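Q: The lines below spell out each chain.
6 protein chains.
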Amino acid sequence: MATVTLITDEEASPEVRAVFDDIRTTRGSDFVNNFWRALAHDPALLKATWDRLKDVMAPGALDPLVKEIVYIAVSASNGCEYCCHSHTASARAKGMTDAMYGELLSVIGMANQTNAVVNAMQVPVDEEFKA
Amino acid sequence: MATVTLITDEEASPEVRAVFDDIRTTRGSDFVNNFWRALAHDPALLKATWDRLKDVMAPGALDPLVKEIVYIAVSASNGCEYCCHSHTASARAKGMTDAMYGELLSVIGMANQTNAVVNAMQVPVDEEFKA
Amino acid sequence: MATVTLITDEEASPEVRAVFDDIRTTRGSDFVNNFWRALAHDPALLKATWDRLKDVMAPGALDPLVKEIVYIAVSASNGCEYCCHSHTASARAKGMTDAMYGELLSVIGMANQTNAVVNAMQVPVDEEFKA
Amino acid sequence: MATVTLITDEEASPEVRAVFDDIRTTRGSDFVNNFWRALAHDPALLKATWDRLKDVMAPGALDPLVKEIVYIAVSASNGCEYCCHSHTASARAKGMTDAMYGELLSVIGMANQTNAVVNAMQVPVDEEFKA
Amino acid sequence: MATVTLITDEEASPEVRAVFDDIRTTRGSDFVNNFWRALAHDPALLKATWDRLKDVMAPGALDPLVKEIVYIAVSASNGCEYCCHSHTASARAKGMTDAMYGELLSVIGMANQTNAVVNAMQVPVDEEFKA
Amino acid sequence: MATVTLITDEEASPEVRAVFDDIRTTRGSDFVNNFWRALAHDPALLKATWDRLKDVMAPGALDPLVKEIVYIAVSASNGCEYCCHSHTASARAKGMTDAMYGELLSVIGMANQTNAVVNAMQVPVDEEFKA
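Protein sequences appear in the order of chains L, B, W, R, H and F.
Using the UniProt record's numbering, the letters of the first sequence map in sequence onto residues 1 to 131.
Using the UniProt record's numbering, the letters of the second sequence map in sequence onto residues 1 to 131.
Using the UniProt record's numbering, the letters of the third sequence map in sequence onto residues 1 to 131.
Using the UniProt record's numbering, the letters of the fourth sequence map in sequence onto residues 1 to 131.
Using the UniProt record's numbering, the letters of the fifth sequence map in sequence onto residues 1 to 131.
Using the UniProt record's numbering, the letters of the sixth sequence map in sequence onto residues 1 to 131.
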């Protein structure tokens, strides 16, 4: 149903195969999801996207679970079906409980609500908020 | 610059004043920011929004700082100038460091990037991700 | 501050002047707002946009005020500063009261809230809703 | 296909059941659509969303049909599949004719068109439009 | 699955049939895609949309393939499933190669990434960029 | 006015200075625009963003001007003020004429219009468009 076919392991070129292998090693799982199989049509884009994602989502000043939660919030606001599914699955795998998910949905809903109302009224930014 | 004037303390009706007072008490600060002063044109909307926001952003299964971080991510994805400013200020007041902010920007950027690429290709959702 | 300068009456070519005149006649006002003065850099785009807008916003099965209200809702959801200002002014000129504006903001807020929550959960469409 | 399962009447806890009952009574119909069955995973979010929606969509300064029309416009601009379906069905049930729907689509299209063009050119807001 | 049924050639009124015929003649193909069959419920909207689209997408200062590429970029950013599919098919028919598509995806991803990061930080526009 | 201050050449750390130098060399200009000065608060994010942007926007299967045109289209659809200004300036520097800009605005407007109308009606994707 995509605009491209999904590249199987068999069809993968050596560069693509190297990225698939790194995904498997990094995640400790044999599963390579469809996003990477679609991107594999352009090996350079596949590699650049995976290398950056691996770096960005790694533990750092923010916890990996918090990063997945941020990803869900962005994906829901943008209406990306695939991304909502894949990052909700990742967040659950990293420990997101039902209670956390319920609160996340509440914040996502509230933020989208007040964003739209603020935009409608074009509220000027308080001087106190400026850097 | 807004589509409505900002209601001052002097202009506030008793219902509006009651909400402003609750904002001050809840936050332990005398500052009432412009969003509430704009919403004050409709006291019922002001009260409903504040009551819900207070509830949603309170400590729970997710930390209040994580909730502010989610709010920034949504506001950046929607392009809400006021909300980016106000929630970045709130997040900093709740302990967001420069390192956390830098990683947050990285995740926001990455999520918006992959959302758009996934949408362009209309990647089908993997069966493994479905509830 | 725009990416183009704003075309004054003096700078307007005959085709542009003809559109400005029709805007003035249709609206019964001498005021030609900045959107048209920016579009005037491309006379064909100016004319196509104005001709279509005049037609779309005219009285029909939907009242012109309802059409302005829809325009505000779209503009708020897209975060278009100029459009929120211009269509709120138009809606007020066509009779939008403070009470109507307050309710409109409530619906805009609610719709953006539930849109995001539905997208987050990817709720399947009920069979009952399909045409 | 959602990120959560849909809660049936049999699975509903007493708090969830109370909301489902209020939905049925308020709408005068036995049908509880999937949005509420998905939200039911978080009874507090379910109740807060329904209570607010019931209030916001009730007759007031704006007609309930106008409110549904606004909801469609927001949902189309945000690309929310579920919401476009559910609110189009609601609007039709409240009297939206084919002629009204056609004009609504025209206004939604025009608003999204001019929003994007205004944003591209970053047209400055006319002084005449400011409150 | 749409909110309206799709109008077949047999069901088409004479005005609708005239537009369908013009689509066929202009494109040199018998195929009339679902977008036009859905719009056909409102013959005036169908005709206005087709007439404008035919004009906008015709060869001019920008090549028709560049116009299709722009259409894909907008559709991906807005998350429009149908539009991503239909305009990717059109772009390929007009000569978009796999290498071009891969680079297009890279630019779309980069632009959505930096848009969100710029919005998050609310970077002020450099004087050098203003017209 | 940003959420961060803008890093001047004097305040730049050696890593930041190295990126600023590469921006100057690559572009053959002494001008380093505000986006990079804001990002400079996080040297790793600055470097990752610049390195990727330089690569993505370089000549390839798509002409650099076409890439700037795509960037404008995405930025207009997302409502990013800064990005519309900076990429319109870049596109002009790379040869975008007034006629090309006018046609670009027409395509951006049309795409956003039909995206919203398609989303409103949830038109099913034609089998002919699927890969």
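Everything labelled a hint here was simulated from the structure, so no lab data went into it.
Only a predicted model underlies this, so the values are computations on that prediction, with no experimental measurement involved.
Heads up, a few of these hints could be off.
It does not matter which identical chain is used: a pair holds within one copy or between any two.
[What the hints assert, rightly or not] Here are the simulated lysine-lysine pairs, BS3-like style, with alpha carbons at most 25 Å apart:
1) 94 to 130
2) 94 to 54
3) 54 to 130
Q: At most 25 Å between alpha carbons: which applies to residue 94 and residue 130, within, between, both or neither?
A: between (35 Å within a copy, 17 Å between copies)
Q: State whether the alpha carbon distance between residue 94 and residue 54 is at most 25 Å within one copy, between copies, both, or neither.
A: within (15 Å within a copy, 28 Å between copies)
Q: Is it within, between, both or neither when you check residue 54 against residue 130 at 25 Å Cα-Cα?
A: between (33 Å within a copy, 23 Å between copies)
Of the numbered hints given earlier, the model fails none.
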